[in-house]
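Trainee: Sequence:
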Amino acid sequence: MKKCILIAIRYSVLFSAKTKGFHLSNSQSDVANYKEVLFSKERMTLRENLFKRFTLPSLKSVFENTDPDIFFRVIVMASSELPEEHKDFLFNVERENNDWLSLQFMEPDKVNYGKAIYNTILNMFEEQEFFCATVRLDDDDALYSGYCNTLKDMMDEEYDKSIVSFSCGYNVYVADCGDEIIGSSVYRHIKNSAGLAYVKKYNNFSDIISDNIYTCGNHEKVDEFYRLIDVNDCYSYIRVNTETSDRMYNLTPSERKNRLVVEFKKQKDKVPFRDVLEKFSIDILDI
Numbered sequence: 217m218k219k220c221i222l223i224a225i226r227y228s229v230l231f232s233a234k235t236k237g238f239h240l241s242n243s244q245s246d247v248a249n250y251k252e253v254l255f256s257k258e259r260m261t262l263r264e265n266l267f268k269r270f271t272l273p274s275l276k277s278v279f280e281n282t283d284p285d286i287f288f289r290v291i292v293m294a295s296s297e298l299p300e301e302h303k304d305f306l307f308n309v310e311r312e313n314n315d316w317l318s319l320q321f322m323e324p325d326k327v328n329y330g331k332a333i334y335n336t337i338l339n340m341f342e343e344q345e346f347f348c349a350t351v352r353l354d355d356d357d358a359l360y361s362g363y364c365n366t367l368k369d370m371m372d373e374e375y376d377k378s379i380v381s382f383s384c385g386y387n388v389y390v391a392d393c394g395d396e397i398i399g400s401s402v403y404r405h406i407k408n409s410a411g412l413a414y415v416k417k418y419n420n421f422s423d424i425i426s427d428n429i430y431t432c433g434n435h436e437k438v439d440e441f442y443r444l445i446d447v448n449d450c451y452s453y454i455r456v457n458t459e460t461s462d463r464m465y466n467l468t469p470s471e472r473k474n475r476l477v478v479e480f481k482k483q484k485d486k487v488p489f490r491d492v493l494e495k496f497s498i499d500i501l502d503i
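The numbering used here numbers the first residue of the sequence shown as 217 and each following residue consecutively.
A couple of the hints might just be wrong.
[What the hints assert, rightly or not] The calculated lysine to aspartate or glutamate pairs, modelled on DMTMM-like cross-linking and capped at a C-alpha distance of 25 Å, are:
1) Lys-218 <-> Glu-342
2) Lys-331 <-> Glu-300
3) Lys-416 <-> Glu-440
[Unchecked claim] Restraint ranges, calculated between C-beta atoms of paired labels, are given here:
4) Phe-321 <-> Asn-474: 34 to 40 Å
5) Asp-285 <-> Asp-485: 35 to 41 Å
6) Thr-431 <-> Glu-373: 18 to 24 Å
7) Asp-439 <-> Glu-323: 43 to 49 Å
8) Lys-326 <-> Lys-481: 42 to 48 Å
Think of the hints as simulated: they come from the structure by calculation, not from any bench. Every value quoted in this text rests on a predicted model; they were computed, and no experiment measured them. Even glycine gets a Cβ: it sits at the ideal position worked out from N, Cα and C.
Please model the entire structure based on the sequences and the hints provided.
Mentor: Okay, structure coming up:
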């Protein structure tokens, strides 16, 4: 039976206020400025820097190291209203990596991650019955090169409709729009969202629309509804911490950087960030 691993990344998705899933974060005072904040030049420049420096090289390494009998695809899901210059950035990314990465643009009132996944795989292989792992990943996360080969071992009848969590990874603290690395530390958390996967045997393609990792609910509560398998024998991911997170929105730029430095200093299990980046095929010279 065909096995596939689909990593679905939400990249600046704009919701209509009437759409399920819409909410205002701490950095968004009202609906009127929601789009402005989401697509601001500062934010989009940071997203692009982190995506091309951390996420892309790690996923390219995942693709290159995945067993050839696994169908592997990264799906970048973005808003149809993304400003043109930032759409062009994504088009260039797709063009340079089209053997393993696809784009799906969604209108604000028609946001549906399952349909985006379905539309991507519909014409890519013929089998209607297949085992698939749909995977969550943020646009600044990184995965280790053996991710898919580890996940492959749990893609059979025994693990049907299970959630696979990769609980061991690293925090990397990044400042100055992604240009400076403050440091890195070990991070352990069961049900961590980076690389969280839902494994299921599908009888036809359309089932994936309503049953995928994004329909499994809050990642912190998935064990209430699904069998949870924890992989904790390797460092599987990088979580990037930046100055633009919601918790720092009310601080000045200098205060934000200081906050990151303080957070890093509090970490008990620090590791050299150069060693961490090398493990994930991230070139320090690009940062």
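Trainee: Now tell me, hint by hint, if it's right for this structure.
Mentor: Here is what the structure says about each hint:
1. Lys-218 <-> Glu-342: It holds: about 9 Å lies between the C-alpha atoms, which stays within 25 Å.
2. Lys-331 <-> Glu-300: Since the Cα atoms of Lys-331 and Glu-300 sit roughly 23 Å apart, the hinted pair holds (cutoff 25 Å).
3. Lys-416 <-> Glu-440: holds (17 Å)
4. Phe-321 <-> Asn-474: 34 to 40 Å: holds (38 Å)
5. Asp-285 <-> Asp-485: 35 to 41 Å: Distance hint for Asp-285, Asp-485 holds at roughly 37 Å.
6. Thr-431 <-> Glu-373: 18 to 24 Å: With a Cβ separation near 21 Å, Thr-431 and Glu-373 satisfy 18 to 24 Å, so the hint holds.
7. Asp-439 <-> Glu-323: 43 to 49 Å: 34 Å Cβ-Cβ, so the 43 to 49 Å window is violated.
8. Lys-326 <-> Lys-481: 42 to 48 Å: Since Lys-326 and Lys-481 have Cβ atoms about 45 Å apart, the given range 42 to 48 Å holds.
Violation of the numbered hints given earlier is confined to hint 7; every other hint is satisfied by the structure.
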